[in-house]
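Can you make the complete structure from the sequences, with help from the hints?
Sequences listed follow chains L and G, in order. So the mapping is simple: our numbering equals the position in the first sequence, first residue as 1, plus 13. So the mapping is simple: our numbering equals the position in the second sequence, first residue as 1, plus 861.
Be aware that one or more of the hints could be misleading.
Unchecked claim - Here are the in silico distance ranges between beta carbons for each label pair:
(1) L/P445 <-> G/F975: 19 to 27 Å
(2) G/F949 <-> L/M228: 30 to 38 Å
(3) L/Q130 <-> G/D903: 39 to 47 Å
(4) L/L53 <-> G/F975: 48 to 56 Å
Stated by the list, open to error - A short list of chain L residues far from chain G (calculated; beta carbon distances all over 10 Å):
(5) V38
(6) L64
(7) S127
(8) S133
(9) I226
(10) L355
Think of the hints as simulated: they come from the structure by calculation, not from any bench. All of these numbers come straight from a predicted model, not from anything done at the bench. Just so it is clear, CB atoms sit at the ideal spot from N, CA and C, and this is done for glycine as well.
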Amino acid sequence: MNIIMNNLPALLIAIPLLGAILTPVISRYGDNLRNGWVLLISLLTSVTGLLIASKVLTQGSIVYTFGVSALNEIIPPDSGGIPVRIIFTIDPMNAFMLVIAAIVGFCIMLYSVSSMQKLSGKDGFYTLLFLLITGVNGMIATGDIFNFFVFLEISSLAGAALVAYRIDKGVAAEAGLKYGALSTIGGLMFLTGIGILLAQYDTLNMAVLASRIQMTPLDMIAFVLFFAALAMKCGAVPMHFWTPDSYSMAPSAVTAFLVVSSQASLYGLFRICYTLYGGVLNTFTIGWVIIILGVLSMFVGVTMAIPQKDVKRLMAYHAVSQTGYMLLGVGVGLAALSTPCLLNSVGLPALKGGLFHIMNHALYKGLLFLTAGVIFYRCGTRNLNKLGGLGHNMKWTMIFFIIGALAIAGIPPFNGFASKLLIYESTFIFNPVLSVIAMVVSILTLASFVKVFHSMFMGPVLPEYSEVKEAPKPMLIAMGILAFLVILFGIFPQQVIDFMVTPAATALVNYPGYIHAVLGGV
Amino acid sequence: MIELFTLSTGYGSWNPVFWVIAFAIALIIGWIIWSRGEKTYDSGREASSPYISGNAEPEKGAVHIRAGNLYWGYTDALSGYYRFIKPFHTGNASDYLLAYLFVTAILLIVVVIFR
Chain L
14 MNIIMNNLPA LLIAIPLLGA ILTPVISRYG DNLRNGWVLL ISLLTSVTGL LIASKVLTQG
74 SIVYTFGVSA LNEIIPPDSG GIPVRIIFTI DPMNAFMLVI AAIVGFCIML YSVSSMQKLS
134 GKDGFYTLLF LLITGVNGMI ATGDIFNFFV FLEISSLAGA ALVAYRIDKG VAAEAGLKYG
194 ALSTIGGLMF LTGIGILLAQ YDTLNMAVLA SRIQMTPLDM IAFVLFFAAL AMKCGAVPMH
254 FWTPDSYSMA PSAVTAFLVV SSQASLYGLF RICYTLYGGV LNTFTIGWVI IILGVLSMFV
314 GVTMAIPQKD VKRLMAYHAV SQTGYMLLGV GVGLAALSTP CLLNSVGLPA LKGGLFHIMN
374 HALYKGLLFL TAGVIFYRCG TRNLNKLGGL GHNMKWTMIF FIIGALAIAG IPPFNGFASK
434 LLIYESTFIF NPVLSVIAMV VSILTLASFV KVFHSMFMGP VLPEYSEVKE APKPMLIAMG
494 ILAFLVILFG IFPQQVIDFM VTPAATALVN YPGYIHAVLG GV
Chain G
862 MIELFTLSTG YGSWNPVFWV IAFAIALIIG WIIWSRGEKT YDSGREASSP YISGNAEPEK
922 GAVHIRAGNL YWGYTDALSG YYRFIKPFHT GNASDYLLAY LFVTAILLIV VVIFR
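Written as structure tokens, this is what we have:
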């Protein structure tokens, strides 16, 4: 048992990777066995993630070195004080992200078992989905910047293949190609940045880099390459164009996890700004850059969502808009970072709001994409102009949609309200205009989802959908878990903030603590 | 006990329980009004059919207001904004890349000037 507990970070990658490799083999022995296998692997991966998070949040950061038997071998005696091996550094910020990946990862797998039942090529589908989960978990957990790039590529390639999975007159393939091409170019830019840092500092370890970085002109170029690549991957305006294309064409369960994948990129962006360059960056300026990207994302995302006719494309634009809230909160936190009194009074509450919104968004946006998937599964269309009256036959789906829609619009007592309230209040003190924009965007979000609700669920039963049935049970259970958490986090927001969000925010602003966790000996 | 449910924002507080209680009270009031309605109403008869000045009821699909007809006033009022913003969403991957490089260049200028 101790061996398992001591090696949980390695299992976080090893379990889904094993799942990915063995799924095609197990698929040969029947659908039921394969479904059981993917559920088992997914459950084990999620439990591993939650166990690591629990351990970190109660006992402190974990530094896990691959290829050694003792913890004190993180820095080999002949390495000149540099941890040369691949390490996973999991502090409360990483733990926070792992919780999100664990919850959504299990729910989408449970959902997929039903939603993919009628489709062919399921062995490849689950293999790619496990690779996507592996990539996201690796991006979150690693303490090595080259390792981060490797996992970023794994998640990008698996994501692109999954976007193109459902061949729909070539449109899905085109969306997958766009996602893959942009991700690859972003990845190459990121790799160039890594090369610049390696050439100067002889290390790829993020903690060592953070302790040595000087902000030379080359460091600035590397920072810009990192920043732009990750901002593009998380769908910040004006680099968001790939998001509606990819999110709308991917199977809904995949879309729900692509949201988490984008959030892993967002985490990378925050780690670069707060930790890697934390000691040398002009945080006020870069904070404002993030704020501007956030405001643009919020506004352009929601205004582009309203006229959409494709429900998933509409939701994809809302994902861009909600990413704006996260950027706004975390940007205000970064802008206030260099002024201690401003950090405590405005920066930390805004940062907590931004981080809490990441978790809330993963839950309610995952839920919304899953409800859209149910509609497509049962009705065969995502076109809002063709849908209507589904509330008569799909009551549970309608209830889950209402919960998700109210949460994304920031209506109390759902979880979206709690995080938005933190963002509104703290940004109002920082700059009232930002807060007003955020509130207006929330109103527009509500208006947009009222339209979707009316178009899909209200009105008389349409003749073409008179025989439509409710979603299968596994899909309902997956949506039910997310809906339950949306309500739970809305009713007990302070507990979530105290247990997960505040430690994550504190860890993010404390970059010396991150360096010490690795170099100071654990 | 009440503190358990209270979110402290740093500038104020928010308690979801009060909202839930208010919501529950509204539901109860709604249920009371509904339960005091006409008991003899039979939904299976003519009373449930719409009366449209004596005209025949249109097909179900024809009376449902579709998504394309909603918020016409909003999009029309903001037509200038949409004429500006929509052309950026070309669907062309080369344009996506151009936007990415544009942001990278702007960011580089900002970082160098304000380092």
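Do the hints match the structure? See the list:
no.: 1; hint: L/P445 <-> G/F975: 19 to 27 Å; verdict: holds, 24 Å
no.: 2; hint: G/F949 <-> L/M228: 30 to 38 Å; verdict: holds, 33 Å
no.: 3; hint: L/Q130 <-> G/D903: 39 to 47 Å; verdict: holds, 42 Å
no.: 4; hint: L/L53 <-> G/F975: 48 to 56 Å; verdict: holds, 52 Å
no.: 5; hint: V38; verdict: holds, 36 Å
no.: 6; hint: L64; verdict: holds, 26 Å
no.: 7; hint: S127; verdict: holds, 27 Å
no.: 8; hint: S133; verdict: holds, 28 Å
no.: 9; hint: I226; verdict: holds, 13 Å
no.: 10; hint: L355; verdict: holds, 13 Å
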